[in-house]
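Okay, so the sequence shown: first residue is 1 according to my numbering, each after it adds one.
None of these hints come from the bench; they were simulated from the model.
Among these hints, one or two may not hold up.
[As the list claims (entries may be wrong)] With a cut-off of at most 25 Å between alpha-carbon atoms, the simulated DMTMM-like pairs for lysine to aspartate or glutamate come out as follows:
| no. | residue 1 | residue 2 |
| --- | --- | --- |
| 1 | K162 | D141 |
| 2 | K374 | E309 |
| 3 | K122 | E351 |
| 4 | K115 | D72 |
| 5 | K162 | E4 |
| 6 | K2 | D59 |
| 7 | K257 | E309 |
| 8 | K308 | E357 |
| 9 | K86 | E186 |
| 10 | K201 | E217 |
| 11 | K86 | E4 |
| 12 | K162 | E309 |
| 13 | K2 | E63 |
| 14 | K308 | E217 |
| 15 | K384 | E410 |
| 16 | K412 | D371 |
| 17 | K257 | E217 |
| 18 | K86 | D71 |
| 19 | K257 | D245 |
| 20 | K308 | D212 |
| 21 | K257 | E272 |
| 22 | K115 | E128 |
| 23 | K158 | D245 |
| 24 | K89 | D59 |
[To be verified] What follows is a list of derived Cβ distance ranges for each label pair:
| no. | residue 1 | residue 2 | range |
| --- | --- | --- | --- |
| 25 | G332 | I9 | 50 to 58 Å |
| 26 | P380 | S243 | 33 to 41 Å |
| 27 | A233 | N66 | 50 to 58 Å |
| 28 | K89 | G27 | 18 to 26 Å |
| 29 | P380 | D236 | 31 to 39 Å |
These figures come from a predicted structure and were not determined experimentally.
Every residue gets a Cβ at the ideal spot worked out from N, C-alpha and C, and that includes glycine.
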Amino acid sequence: MKTEQIYRIFREESTGISIDSRTVTKGQIFFALCGQNHNGNIYAGNALANGASWSIIDDPGYESENTILVDDCLSELQALATFHRKAIKSMVLAITGTNGKTTTKELISSVLATKYRVHHTKGNLNNEIGVPLTILSAPEDTEIMVIEMGANHIGEIKNLCKIAMPDFGMITNIGTAHIEGFGSAEGVLRAKSELYEYLGKSNGVAFYNDKDAVLTERILKTVNRAVPFSNPAGIDLRIEQLSSDLNLKLRVNYHQKVFDISSMLFGSYNIENIRAAMAVGVFLGVDIEKAVDAVQSYRPGNNRSEIKETGRNTLVCDSYNANPTSMLHAIGSFSGLKGRDKVLILGDMLELGEKSEEEHQRVLELVNSLDFDKVYLVGPRFHKAAKGTGYMSFPDIESISAYFRENILENKLVLIKGSRRMTLEKLYELM
């Protein structure tokens, strides 16, 4: 009964949901979420004082006027999201995978927006809190939600599927990331495949990259309604790279029509993300010409395959995240570019557990086999792996920043890539 009561307030009286008492706005419902290092119940009164209409709490010691006591605030937030998902009757497409989730989500949303009212995950709000918040922020007239699902342990995707109840799903790829939480590459596959298992049981539709043998085998064993990128609607969809320029240039062949795309994305690895977006669009009835225009107009942001001109140098900013698979792909694509002297600035890859030293060494083996003007490494893991290589390495962002203040790069093409916590974006202003 509590969830129904809260949902009635949410639909009829509130202006939205907040989980931060400092930024809550008038009329929002505040959820007092608790974590390892904080107790949200403490801030329930502050939220009300700052304009919240109600505070949802799970500690009776903080009950007051306009609070609602529940067993667990996070579980209640998730249940409320499922209520909303059912109430607005929107289709839901879920996306997970090791690499490319966010770019693929944004490309798909851009393509589908030419035909549907689309609501999608903002940024990377893709966990047990972010997915409910995404669903609860969907307008009532939403026709399709594109939900990004992240995970760093077994069972997380399964739980997110229970909340979002996807009609469609996609795993972009399986690579080496979050090994600390999954234990092995097989653990990553098992975790991500929980999306396929949900779609198999619910008779949903799964889109898949039929060039990926591992995912193809897994999906055909698990899902009845499987749609390959290469033939999403009974007609072959072919996409090929035209050149190794900084901006990815492609040719699309579909139904006896040919389109050339000059995208704003960097890297041949983004071809599969574009194939995914085009396949979903075609399957869901988007006109192919509108899909092509949407892909061509898409501008990446948030330091994901983002190209920036600084006046002194051209930067390929890919510093939002990094794991061995994405690092190797980015370096490989970057090395194939023609033109100016190419410089690498690479930051540590995190959450690799006992594989960390091996994976950092593997990256440096690839770097050593290619031709770069300069290579700079940042972080204790690369700093250790760099011994004996001759590459300049720095223990942290502060030390490399100090170096570049004194040693200015000019007329270079620079790839900057590392895990988010390395904060490599601080280097942009020095370039």
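Results for each hint:
A C-alpha spacing of about 22 Å is found between K162 and D141, which places the hinted pair at or below 25 Å, so the restraint holds. A hinted pair counts as satisfied when its Cα atoms are at most 25 Å apart, and K374 with E309 qualifies at roughly 19 Å. Using a Cα cut-off of 25 Å, the hinted pair K122 and E351 holds, with the two alpha carbons roughly 24 Å apart. Restraint check: the Cα-Cα separation between K115 and D72 comes to about 39 Å, which exceeds 25 Å; the hinted pair is violated.
At most 25 Å may separate the alpha-carbon atoms for a hinted pair to count; K162 and E4 meet this at roughly 18 Å. With a C-alpha separation of about 15 Å, the suggested pairing of K2 with D59 holds against the 25 Å cut-off. Restraint check for K257 and E309: the C-alpha separation of about 35 Å exceeds 25 Å, so the hint is violated. Between K308 and E357 the CA atoms are separated by roughly 31 Å; this puts the pair beyond 25 Å, and the hint is violated.
A C-alpha spacing of about 34 Å is found between K86 and E186, which places the hinted pair above 25 Å, so the restraint is violated. Distance hint between K201 and E217 is fulfilled; the C-alpha atoms sit about 17 Å from each other, no more than 25 Å. Distance restraint check for K86 and E4: the Cα-Cα separation of roughly 13 Å lies within the 25 Å cut-off, and the hinted pair is therefore satisfied. Between the alpha carbons of K162 and E309 the distance comes to roughly 44 Å, so the proposed pair goes past 25 Å and is violated.
Pair hint K2 plus E63 holds up; C-alpha atoms about 15 Å apart against a cutoff of 25 Å. The suggested pairing of K308 with E217 is violated, with an alpha-carbon distance near 39 Å, which exceeds 25 Å. Between K384 and E410 the alpha-carbon distance is near 28 Å, which puts this suggested pair outside the 25 Å criterion. With a CA separation close to 14 Å, the supplied pair K412 and D371 stays within the 25 Å bound.
At most 25 Å may separate the alpha-carbon atoms for a hinted pair to count; K257 and E217 exceed this at roughly 31 Å. Annotation: proposed proximity of K86 to D71 holds, straight-line Cα distance about 22 Å (limit 25 Å). With a CA separation close to 24 Å, the supplied pair K257 and D245 stays within the 25 Å bound. Distance hint between K308 and D212 is unfulfilled; the C-alpha atoms sit about 32 Å from each other, more than 25 Å.
Taking the CA atoms of K257 and E272, the gap is about 20 Å. The hint holds against a cut of 25 Å. Proposed proximity of K115 and E128 is contradicted: the alpha carbons are some 29 Å apart, above 25 Å. The straight-line distance between the Cα atoms of K158 and D245 is roughly 40 Å, outside the 25 Å bound, and the hint therefore fails. With a C-alpha separation of about 33 Å, the suggested pairing of K89 with D59 is violated against the 25 Å cut-off.
The hinted window of 50 to 58 Å between G332 and I9 holds, with their beta carbons roughly 53 Å apart. Look at P380 against S243: about 38 Å separates their beta carbons, and that is inside 33 to 41 Å. At roughly 51 Å, the beta carbons of A233 and N66 sit within the given window of 50 to 58 Å. Distance hint check: the CB atoms of K89 and G27 are about 25 Å apart, consistent with the given range 18 to 26 Å.
Checked against the given bound of 31 to 39 Å, the beta carbons of P380 and D236, roughly 49 Å apart, lie outside it.
Hints 4, 7, 8, 9, 12, 14, 15, 17, 20, 22, 23, 24, 29 from the earlier list are contradicted by this structure; the remaining hints agree with it.
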